[in-house]
Amino acid sequence: MSKNTTLSENVEEYLEILYKLGPDGERVTTSMISENLKIAPASATQMLKKLADNGYVEYSPYKGGILTEKGLKIAKKVTRKHRLLERFLCDILKIKKEKIHEQACEMEHTLSDDAERALCHLLEHPAKCPGDSVIPECDLKFTTCEECKKRKEVDVEEVGKRNENLIPVLDLKEHKKGKVSFIRGDYKVIRRLLDMGITIGAIISVIKVAPLGGPVEVAIRGSKLALGRDIASNVFVEAVDEAGC
Amino acid sequence: MLILVEFSENDSQKSWNGKGHRKKYRHKHGQKHKTVSDLTIALAGNANVGKSVIFNELTGSNQIIGNWPGKTIERAEGKLYFEGYDIDVIDLPGIYSFSTYSMEEIVSREYIALEKPEVVINVVDAAVLERNLFFTMQLLEMEVPMVVCINQIDIAKQKGIIIDTEKLQAALGVPVVPTVAVRGEGLHELMETATEIAKNKPKIKTAKLEYGSEVENRIKELTRLIRSKNLELGYPSRWIAIKLIENDPEIQKLVKSKSEEVVNQAYKLAEEIENIHHEPSFSVIASERYSLANGIAGGAQMQSEIKITFSEKLDRIATHRVYGYITSALVIGGLLLWTFVIGNFLSGLLSDAFSFFQPVDPQISGGLVSILWNGAFGGIVAGVTLVIPFVIPFYLMLSLIENSGILTRVAFMMDTAMHKIGLHGKALIPMILGFGCNVPAIDQTRILETRRERLLASFAITFAPCAARTIIILGLVAVFVNVWWAIALYAIDLVIIFALGRVALKVVPGESIGLIMEMHSFKVPSISVAAKQTWVRIKSLIYLVFPVYIIGSAFVQALYVSGILGPINAALTPITVLWLGLPAITGILLIFGAVRKEFTLLILVALVGPNLAAVLTPVQFIILALVGMLYIPCLSTITILVREFGWKAATSISLANLITAIFLGGIAFRLLSLVF
Numbered sequence: 681m682s683k684n685t686t687l688s689e690n691v692e693e694y695l696e697i698l699y700k701l702g703p704d705g706e707r708v709t710t711s712m713i714s715e716n717l718k719i720a721p722a723s724a725t726q727m728l729k730k731l732a733d734n735g736y737v738e739y740s741p742y743k744g745g746i747l748t749e750k751g752l753k754i755a756k757k758v759t760r761k762h763r764l765l766e767r768f769l770c771d772i773l774k775i776k777k778e779k780i781h782e783q784a785c786e787m788e789h790t791l792s793d794d795a796e797r798a799l800c801h802l803l804e805h806p807a808k809c810p811g812d813s814v815i816p817e818c819d820l821k822f823t824t825c826e827e828c829k830k831r832k833e834v835d836v837e838e839v840g841k842r843n844e845n846l847i848p849v850l851d852l853k854e855h856k857k858g859k860v861s862f863i864r865g866d867y868k869v870i871r872r873l874l875d876m877g878i879t880i881g882a883i884i885s886v887i888k889v890a891p892l893g894g895p896v897e898v899a900i901r902g903s904k905l906a907l908g909r910d911i912a913s914n915v916f917v918e919a920v921d922e923a924g925c
Numbered sequence: 005m006l007i008l009v010e011f012s013e014n015d016s017q018k019s020w021n022g023k024g025h026r027k028k029y030r031h032k033h034g035q036k037h038k039t040v041s042d043l044t045i046a047l048a049g050n051a052n053v054g055k056s057v058i059f060n061e062l063t064g065s066n067q068i069i070g071n072w073p074g075k076t077i078e079r080a081e082g083k084l085y086f087e088g089y090d091i092d093v094i095d096l097p098g099i100y101s102f103s104t105y106s107m108e109e110i111v112s113r114e115y116i117a118l119e120k121p122e123v124v125i126n127v128v129d130a131a132v133l134e135r136n137l138f139f140t141m142q143l144l145e146m147e148v149p150m151v152v153c154i155n156q157i158d159i160a161k162q163k164g165i166i167i168d169t170e171k172l173q174a175a176l177g178v179p180v181v182p183t184v185a186v187r188g189e190g191l192h193e194l195m196e197t198a199t200e201i202a203k204n205k206p207k208i209k210t211a212k213l214e215y216g217s218e219v220e221n222r223i224k225e226l227t228r229l230i231r232s233k234n235l236e237l238g239y240p241s242r243w244i245a246i247k248l249i250e251n252d253p254e255i256q257k258l259v260k261s262k263s264e265e266v267v268n269q270a271y272k273l274a275e276e277i278e279n280i281h282h283e284p285s286f287s288v289i290a291s292e293r294y295s296l297a298n299g300i301a302g303g304a305q306m307q308s309e310i311k312i313t314f315s316e317k318l319d320r321i322a323t324h325r326v327y328g329y330i331t332s333a334l335v336i337g338g339l340l341l342w343t344f345v346i347g348n349f350l351s352g353l354l355s356d357a358f359s360f361f362q363p364v365d366p367q368i369s370g371g372l373v374s375i376l377w378n379g380a381f382g383g384i385v386a387g388v389t390l391v392i393p394f395v396i397p398f399y400l401m402l403s404l405i406e407n408s409g410i411l412t413r414v415a416f417m418m419d420t421a422m423h424k425i426g427l428h429g430k431a432l433i434p435m436i437l438g439f440g441c442n443v444p445a446i447d448q449t450r451i452l453e454t455r456r457e458r459l460l461a462s463f464a465i466t467f468a469p470c471a472a473r474t475i476i477i478l479g480l481v482a483v484f485v486n487v488w489w490a491i492a493l494y495a496i497d498l499v500i501i502f503a504l505g506r507v508a509l510k511v512v513p514g515e516s517i518g519l520i521m522e523m524h525s526f527k528v529p530s531i532s533v534a535a536k537q538t539w540v541r542i543k544s545l546i547y548l549v550f551p552v553y554i555i556g557s558a559f560v561q562a563l564y565v566s567g568i569l570g571p572i573n574a575a576l577t578p579i580t581v582l583w584l585g586l587p588a589i590t591g592i593l594l595i596f597g598a599v600r601k602e603f604t605l606l607i608l609v610a611l612v613g614p615n616l617a618a619v620l621t622p623v624q625f626i627i628l629a630l631v632g633m634l635y636i637p638c639l640s641t642i643t644i645l646v647r648e649f650g651w652k653a654a655t656s657i658s659l660a661n662l663i664t665a666i667f668l669g670g671i672a673f674r675l676l677s678l679v680f
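Read top to bottom, the protein sequences are chains L and F. For the first sequence, the residue numbers in our numbering are 681 to 925. For the second sequence, the residue numbers in our numbering are 5 to 680.
Simulated from the structure, these hints should not be mistaken for laboratory data. C-beta: ideal position from N, C-alpha, C; glycine also. Some hints could be false.
Unchecked claim - Computed beta-carbon distance windows for the label pairs:
| no. | chain 1 | residue 1 | chain 2 | residue 2 | range |
| --- | --- | --- | --- | --- | --- |
| 1 | L | K856 | F | G303 | 38 to 44 Å |
| 2 | F | G177 | L | K832 | 26 to 32 Å |
| 3 | L | K829 | F | V646 | 36 to 42 Å |
| 4 | L | K832 | F | K262 | 26 to 32 Å |
| 5 | F | A51 | L | E749 | 38 to 44 Å |
| 6 | L | D771 | F | R455 | 23 to 29 Å |
| 7 | F | P253 | L | A732 | 48 to 54 Å |
| 8 | L | A795 | F | I671 | 26 to 32 Å |
| 9 | F | G303 | L | K829 | 35 to 41 Å |
| 10 | L | H855 | F | K262 | 51 to 57 Å |
| 11 | F | K424 | L | K832 | 39 to 45 Å |
Could you build all of it, start to finish, from the sequences and the hints given here?
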């Protein structure tokens, strides 16, 4: 049994809400949390402190908390399970959209990692939940979904887990660089991206994000490409220090 | 008839690659019968690297633009006479790879491997060497005789990139020729090199391009197995081996029919590679191929300093969150305004020139004269005075805008809006074209990736207020009601495009593909290149549209003369009179209008005289314009819809137009009766 499963549901819920409110590592205030979970600000503060003690959150009084790498990892995992379950409930079981959130909230804590992966395969590695939020990437050390689909359950142990948190190109700040580490999507999309030079390990940087939910302009291999938002949210990178390359 | 003409207007001032001798190649015009060519040369390369410019410079106006057999992919073929050779030049579609992602890729790959052109000229963008060499690697693997043409070296220079062609040549093992195609520089040498290769057939040494050992050894092993089987597949064995290890489905199918063993062995080898790299084999090979390209590009090019060029400054404005939209609006608005202003002017001139054309009265002159004169010749006159004047300025400006690179920025900015109707930014380009004329617009939807997207875009285009619809709106409503109602109709049309686009999105199944578009650097467009492109486009339009005009117009005239339009009118009264509240004669108008939209107006004038206000009320003017604008794509549009998508889709689109027009017309009649 991994350590994650011993975490209380409560902790997972809190981390999930922190991720929802600050997906790009923004600071989340106590009042934001209390409003969202409909609890007293005092209890929110208490919880943040507890999370800070466990190293999941960086907490500063009156300002709020930021997820640490460790906290972000768990938060992403739970969020991923939640959103995958929503997709499953909506697409496969055809449950009404209003009801899926609550149901997914219940199920996310008990869903095993193997079931998560199987669910991802069944749903054909979806990028978004029914509410149009991006589903975080999985934590397995695969570079593409093609690879994951081919592997049997036993092999997964061997592949191992990713240490670092990946960022979709869409969330990369302008002029920041990243190393392409994982591409989500079916064969055709991956193929097309590879042909255009977005290969695993290549350095990509964001030049410009078009306003109003428009595409992202990236620099790769000395050329410039415009990637639609859907595609940019499926290309995941490891952040690279400016000095590092 | 063989007329030899000099190639370019200003050749005496310009030296070819500094050599200063006159060009020896000429185009042949007016070839009646097909001559056997001595050589076939194919142009291959990424999109937008200047391939078409080279093609146009080489073949001039001596081109045949058609489709690849059984496919809706354009095939451009031209002829050129160079130093004693009759050369057939084929411009292959712009592609990035030989995977089986798109029809263009399959067409190009089959052409190169199976039709075996004597030489392939690989056109490469000097400013983006690495990406372009990725494709060059794949051409080399196909073991075709080739020349690499490093184009746009001037733009690369502006960016501070200098390319050492000698080094590049040594690394690739094939000749490399630098060019600036828009100015014709280096093309003579390019042709010399190409014909030289065709003559001497030097062996290509692809051995220089080796992958990492764990991949390379397996490729070699599989190549040996394929060779030993003598499969006769038409492709080189090593290339087949690489494709099989990449798990290319098309090639797997091809080989499987000959030898299961090879496919199974390839599968096993691919799996071994995947186990080493923890990556799909095609991804491993793509990465390695790119790193080879990177190595070669890096060794052959020098980046002196990273300059922020003027083009990059322009780019910042064109994609700015505020100025970007202003630029986009200016580009689209400017293009349309220019088309209307120049188009109106030209149309006026041509109408004056053809003012001798007056329809005759069939009762006096007889049926046949009426069919030939009013019908067939009338069709030509209408084409010349109404379509050509608008299409020429439109295409000319569009070519300039396209070649400058600004259109990709407009597509970048407009992507979000286009997503609402299931398309992405690139689809804006044909949609803008639709404002001029639907026919070339639908033709241009080819730049979109999937059939679904092309169909959705074409559907939206059939509602776009083209020049003919503008004539109806202006001629009926602006003149006889007022200009505000005319503008309102225009606005309503745009709302309809958007609303129906949303509906079509639900009806046509399939997922939309996201935007992946190369953002090329800005460049100063060449007027002569744009003029040539305009001429080629207009020529193919004339071939497509004029026959339809002439025959269609004559046919309708024949119906008129034979007197069966009266019964048709009567049969249509439930729709025209009862539902739409129009006079019974409009039945004929709508029949005529199916050939060409402006006929609705022209025939009405012919039937009742110029004072239309005597026969129609303001409400009827608006309804007639609304219905006339929407009710069916014109015959030429239907023709191209059939060509691109088949009868079924063309019929569905036409019916959708008809139903929308009648439905909205009836509702508008009832609403407007309350207002007026």
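Each hint, compared with the structure:
no. : hint                          : verdict
1   : K856(L) - G303(F): 38 to 44 Å : 29 Å, violated
2   : G177(F) - K832(L): 26 to 32 Å : 43 Å, violated
3   : K829(L) - V646(F): 36 to 42 Å : 40 Å, holds
4   : K832(L) - K262(F): 26 to 32 Å : 31 Å, holds
5   : A51(F) - E749(L): 38 to 44 Å  : 41 Å, holds
6   : D771(L) - R455(F): 23 to 29 Å : 25 Å, holds
7   : P253(F) - A732(L): 48 to 54 Å : 52 Å, holds
8   : A795(L) - I671(F): 26 to 32 Å : 53 Å, violated
9   : G303(F) - K829(L): 35 to 41 Å : 38 Å, holds
10  : H855(L) - K262(F): 51 to 57 Å : 52 Å, holds
11  : K424(F) - K832(L): 39 to 45 Å : 42 Å, holds
Of the numbered hints given earlier, the model fails hints 1, 2 and 8; all others are met.
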